[in-house]
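All chains should be built: construct the whole structure from the sequences, respecting the hints.
Protein chains: 4
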Amino acid sequence: MQKSEISHETLIRVRYAETDTMGILHHAVYPVYFEEGRTELMRSFGTTYDAMEKSGVILPVYNVNVNFLRPAYYDDLLTLKTTLAGIKGVRLRFSYELFNEEKNLLATGEVTLIFTDAKSFKPVRPPQWFTELFSK
Amino acid sequence: MQKSEISHETLIRVRYAETDTMGILHHAVYPVYFEEGRTELMRSFGTTYDAMEKSGVILPVYNVNVNFLRPAYYDDLLTLKTTLAGIKGVRLRFSYELFNEEKNLLATGEVTLIFTDAKSFKPVRPPQWFTELFSK
Amino acid sequence: MQKSEISHETLIRVRYAETDTMGILHHAVYPVYFEEGRTELMRSFGTTYDAMEKSGVILPVYNVNVNFLRPAYYDDLLTLKTTLAGIKGVRLRFSYELFNEEKNLLATGEVTLIFTDAKSFKPVRPPQWFTELFSK
Amino acid sequence: MQKSEISHETLIRVRYAETDTMGILHHAVYPVYFEEGRTELMRSFGTTYDAMEKSGVILPVYNVNVNFLRPAYYDDLLTLKTTLAGIKGVRLRFSYELFNEEKNLLATGEVTLIFTDAKSFKPVRPPQWFTELFSK
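Chains as they are written, first to last, in this note's numbering: chain U, 1 to 136; chain C, 1 to 136; chain R, 1 to 136; chain S, 1 to 136.
Do not rely on the hints blindly, as some may be mistaken.
A pair holds if it fits inside one copy or across any two, identical chains being indistinguishable in the list.
[To be verified] Each computed SDA-like pair below joins lysine to any residue, with the alpha-carbon atoms no more than 20 Å apart: (1) K122 / M22; (2) K54 / Y73; (3) K119 / G56; (4) K54 / F121.
Think of the hints as simulated: they come from the structure by calculation, not from any bench.
The structure is reproduced here in structure tokens:
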């Protein structure tokens, strides 16, 4: 669909509450960061996830896959690269790369969401304005 | 209002994700446990918070106060004692005591909620069935 | 390795804090439930993850994969089936199935962990007592 | 102790995962934001909480008190004003005010922490460099 890469880099600081007894960023926080990444990617393209939700289309997650390569620690300033990997039918796919300040790759991931009607909770075609926004 | 104490004891196991770099249960998790405590107190009296919400009354939190006396650790089996401390006007107040398996008091707390109309988000009188349930 | 299936069923009640604006259990909570599942599987086999950690072996997560099929809601009583899917070299793999009270399959998942030395943070062979425990 | 006000303003964007079924920022997230607030206040004064922890002094929380005045919503850009309210004996106290983009006051709060030896978990005097840093 898209010709050039549609991506965004978001800075995220690791919170103390997000670490665990091992002293590292807990693995269940990565999907939360990924969600922040797609929020910011959408904002950088002039729209918001909130706007989509208010227009009656929600985006529940269908699949999450994360590979953990190196740990992150409290107060680390991470760079999350979010890439729109594809819109295919009712599916919206993002891929992720997470780096620390030393530019080490900490994790990679993919998240697939389903365009869903907010009332019926049934899959729907993506809003036209949305696909157009990302097809320029 | 109530003659005898209205309380409930809930067992809660500390999850790994809920600990932090200090190796202890993170302080922001205590309000989550307290919320579980009032959910279970209500269930033990034959109703549910979900039922109240579906009847159009929600209970946003107005104040949380927690005193932390001793740390809890991953996999500790805690006993949370939740007490209905009072219904006064639009306010519903619970008090809490959290114990570990050695019966050490780990924390005390209070949470005040406001009976609120789910649509207007304005304070409302508590549903009659609710006050009657706890006044026997 | 194992002859018969090594699995455990854990009951988990959805907390209010774990839901989101869509009114459903947030997707990032599933890995937290999975972690609780393997904690309880280990306990049902007479050991604890805490015991392993105290013996100097930690288990950071290497991969998480979750498929979301149907939403869960606040106060739902879920059944999480955790299965030890394999120990291979330094890797420990669990698979998951999550059901609601109507026995609908809500999600499936897999989590791979790495046996890791708590001090050096390098991969290590699994403790012998651990592999023996699950090979009977 | 301090002559002029020691405070810092931190911008925090509400994450989707932090909202609940009521569609508002869950109340248990506020202490997490407050923790981020004191992390950033310390950084703005040229030190880090991490540095303190690595010097052998940790700061477990002794009391949290939060008043919730107005709800916050997903994607709101909040301003958290963190003020160092006092160092007294082994206690360190911060006060908080949280605002939305319309400058509405959403919440106020206080958090008291205890200077604690990381090994013995006993209260200790605050490090001299710390008190000096904030007494100029």
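Up to 20 Å CA-CA - Y73 versus K54, copy category:
between (36 Å within a copy, 13 Å between copies)
If the cut is 20 Å between Cα atoms, do K119 and G56 qualify within a copy, between copies, both or neither?
both (7 Å within a copy, 18 Å between copies)
First find the shortest C-alpha distance between K54 and F121 inside one copy, then the shortest across copies, and answer within, between, both or neither for a cut-off of 20 Å.
Both. Shortest intra-copy (14 Å) and inter-copy (18 Å) distances satisfy the 20 Å Cα cut-off.
Can you tell me if K122 and M22 fall within 20 Å by alpha carbon in one copy, between copies, both or neither?
between (41 Å within a copy, 13 Å between copies)
Of the numbered hints given earlier, the model fails none.
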